[in-house]
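Chemist: Sequence:
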Amino acid sequence: MKHLGRVIGVAAILAVPAGITWWLASRAAPPMRPPAPTWRPQPLPTGDAGPGLTFALQSDADRQDVRPFAHLALFVPAGQPASDFLPAGPFIATFRGTLAVPSRDRYRFSFVGTGALALRIDGREVAVTGDTEVELSKGSHPLVARYRSPNTGVATMRVYWQAEDLAREPVPAAALRHASSPALLAYGRLRRGRELGFELRCGGCHEAAGERAGAPSLVGVGSRLQRDWMAKWIADPRSLRHGATMPKLLRGASAEVDARDMAAFLATRGAAPAALAFPAGAAAAGGRLFASAGCIGCHTLPGHVDAKSVGDRVPLAQVKAKWHPAALVDFLMRPTEHYPKVRMPTFGFTAEQARQLAAFVLGSPGAMQIESSSVGDPVRGQELVAQHGCASCHGFGVPSRLRAPARPIRGDSIVCGKADYALDGADRAALREFFGRDLPGVHTDLEHAERTLQAQRCHACHERDGRAATRSTAAHELAARVQPDPDAGPAHSIPSLTHTGAKLRTEWLVRWLAGGVSARPRPWLAVSMPRFALDAERVARGLAAAHGFAPSGLPGVPGWQDGTALRADTVPRSLPAGAPPVAELRGIGRQLLPQDGGFGCTQCHAVGAQAAEQVFEAPGIGLEQATVRLRKEYFFRWMWNPPRIDPTTKMTRFVDAEGRTGLGDVLDGDGAAQLEAIWSYLESLR
1 MKHLGRVIGV AAILAVPAGI TWWLASRAAP PMRPPAPTWR PQPLPTGDAG
51 PGLTFALQSD ADRQDVRPFA HLALFVPAGQ PASDFLPAGP FIATFRGTLA
101 VPSRDRYRFS FVGTGALALR IDGREVAVTG DTEVELSKGS HPLVARYRSP
151 NTGVATMRVY WQAEDLAREP VPAAALRHAS SPALLAYGRL RRGRELGFEL
201 RCGGCHEAAG ERAGAPSLVG VGSRLQRDWM AKWIADPRSL RHGATMPKLL
251 RGASAEVDAR DMAAFLATRG AAPAALAFPA GAAAAGGRLF ASAGCIGCHT
301 LPGHVDAKSV GDRVPLAQVK AKWHPAALVD FLMRPTEHYP KVRMPTFGFT
351 AEQARQLAAF VLGSPGAMQI ESSSVGDPVR GQELVAQHGC ASCHGFGVPS
401 RLRAPARPIR GDSIVCGKAD YALDGADRAA LREFFGRDLP GVHTDLEHAE
451 RTLQAQRCHA CHERDGRAAT RSTAAHELAA RVQPDPDAGP AHSIPSLTHT
501 GAKLRTEWLV RWLAGGVSAR PRPWLAVSMP RFALDAERVA RGLAAAHGFA
551 PSGLPGVPGW QDGTALRADT VPRSLPAGAP PVAELRGIGR QLLPQDGGFG
601 CTQCHAVGAQ AAEQVFEAPG IGLEQATVRL RKEYFFRWMW NPPRIDPTTK
651 MTRFVDAEGR TGLGDVLDGD GAAQLEAIWS YLESLR
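Anchor point for the sequence shown: position 202 equals 202 in our numbering, and the numbering is continuous, going up by one each time.
Calculated from the structure, these hints are not laboratory results.
Treat the hints with care, since some could be wrong.
Here are the simulated BS3-like cross-link-like pairs (lysine-lysine), alpha carbons at most 30 Å apart as the crow flies [claimed, not checked]:
| id | residue 1 | residue 2 |
| --- | --- | --- |
| 1 | K418 | K341 |
| 2 | K308 | K341 |
| 3 | K138 | K650 |
Have a look at the derived ranges for each label pair, beta carbon to beta carbon [to be verified]:
| id | residue 1 | residue 2 | range |
| --- | --- | --- | --- |
| 4 | S372 | W524 | 40 to 50 Å |
| 5 | A186 | Q595 | 31 to 41 Å |
| 6 | Q483 | K418 | 16 to 26 Å |
| 7 | S254 | A61 | 48 to 58 Å |
No experiment lies behind these values; they were computed from the predicted model shown.
Note that CB positions come from ideal geometry on N, CA and C, so glycine has one too.
All chains should be modelled from the sequences, with the hints used to inform the complete structure.
Modeler: So, in structure tokens, the structure goes:
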């Protein structure tokens, strides 16, 4: 309860059927409103809970889809489908799960977007106009949100909440949970089938719908990979890498000889490998680079014995047996040269750095040993390569003579010939489900982005929605292998991906993902963001759509996509009446940046050519980049209460629960107006 001064008595007591309604008044404050009814937590649905909500879609064409969804938000461009499994057109989306309320308080919910939304919490309808309070007790509350898209045009929605000491914000993903259901499992199986069809490259041999994964080129492969390793890989890929997607093609008594012959042929493709010697100290320097670049997030070192901690990481135990050293150095510098869709990103290592990394990995104890075998028959090997259809997936000059049926399934059977993918019953069922359905051949940006983040292992370096980065959880594995760098400064955290779609302007994110941003936002980090083989524009659009935002500047979309008109008590739609003109406002914004008379932003943040004045532990991003990188809505949310978004930030809270700052002589201490002034000034620096 807020302080009222001396209470002079109960202003009124009303008897009502549900109990007593009361409010207090004092000379120092207006009467308090009667409390809103408290809704207590209800029993949770049964089943294994997971993050986010169950997201069920129903189209006018009677198509359905169900999947988990992290946010209570959505953006669907005009004329495009809401799901990979639905046609374009009007739809109804139902979000279902539980809402974790952090503390008992009066909450207000608001809806931003097109179409219509109905929200129910604990089975009761909740207004989403932003002006109706409901008191929720601490704990989990069943939630159902039903969104009906407009018949034409953009479909966009975001749901916000706010409370007395909680500035208006999108309902966070961390507060949402869902339970398993038969429909969720069924459509999850359908998506698993699609994923398998992509990963196993069914489209190489069959007329399979979907995106193509590609495979490494075998042109010149003999100058890169060692013959004995290739023979063992061809004979049984999963003996070298658990979960390998290349099938086991060879069976019977001749399998080992066939593999040696095929490897012998491939070893003739390319020039003789160049010799390479590593200078003294290269391995130690490579170990430090391995640590600072975060390689442990995607790989385990040779000798790693804890199978449970491998996860989706790629073991490096076989690297010494696989690669010719000079070719490994080339691969570390240019990983996409022979495989454009490789998941290994381009870090931009120099030749010296690549040699150091190669020296460290090749010299690590515990490397796999492959016994040398007799040299096979390359002429017979070439015939086997053509017969088994290697060119169906791999590019090189030997055409495939494999003839496969158009459809990967026949009845209830999967048609793979002699290819053994080691599929279990669940995976076979998933493939049958996917290839047996008549699905629209569409790929929405939203789902494409989510698949890309998973496939590229973005979680290796970045925290997202409460999932810790693998490079952090696995860092202890390097303790006995890597000597600390005596010249290294304090460790700095890598940005979280939790808010990326709502945080970054789409056009900037496209350039960043594509490697087109020359000025690094965080030059103090030991390594820069590498460049991945991905569709940067689709990923950026999809990340924005998952948060309910249109790509920045998309024509015909309401101003909400950039937060230019925020309906909230804490962020006004526009400046109050009598506010200074833009030129004067920019001047005020400039005065609010330094320590003297302002918030002290320039202590840690540079502004263009003006360096930060007094950085302590953590420098800040140059403020001249703020309006280029950030959506305006996120900027306001961040400046309002930085620890709310990032509890580890060094920035303090500048605006209190009443929307006031400590600078009462500037714009009457109005926090929103002051932030508008700062934004206006920063825009002038673009």
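Chemist: Is 40 to 50 Å respected by the C-beta to C-beta distance linking S372 and W524?
Modeler: holds (48 Å)
Chemist: Honestly, do Q483 and K418 meet the 16 to 26 Å range at C-beta?
Modeler: violated (49 Å)
Chemist: Can the suggested window of 48 to 58 Å be confirmed for the beta-carbon pair S254 and A61?
Modeler: Because 53 Å falls inside the window, the suggested range holds.
Chemist: When you check the alpha-carbon spacing of K138 and K650, does it fall within 30 Å?
Modeler: holds (28 Å)
Chemist: For a C-alpha distance cap of 30 Å, please report whether K418 and K341 respect it.
Modeler: Holds, at about 26 Å.
Chemist: Below or equal to 30 Å on CA atoms is what counts here, so check K308 against K341.
Modeler: Satisfied, since the Cα-Cα distance of roughly 28 Å is no more than 30 Å.
Chemist: May I ask you to test the hint 31 to 41 Å on the CB atoms belonging to A186 and Q595?
Modeler: violated (59 Å)
Consistency note: the structure conflicts with the earlier hints numbered 5, 6.
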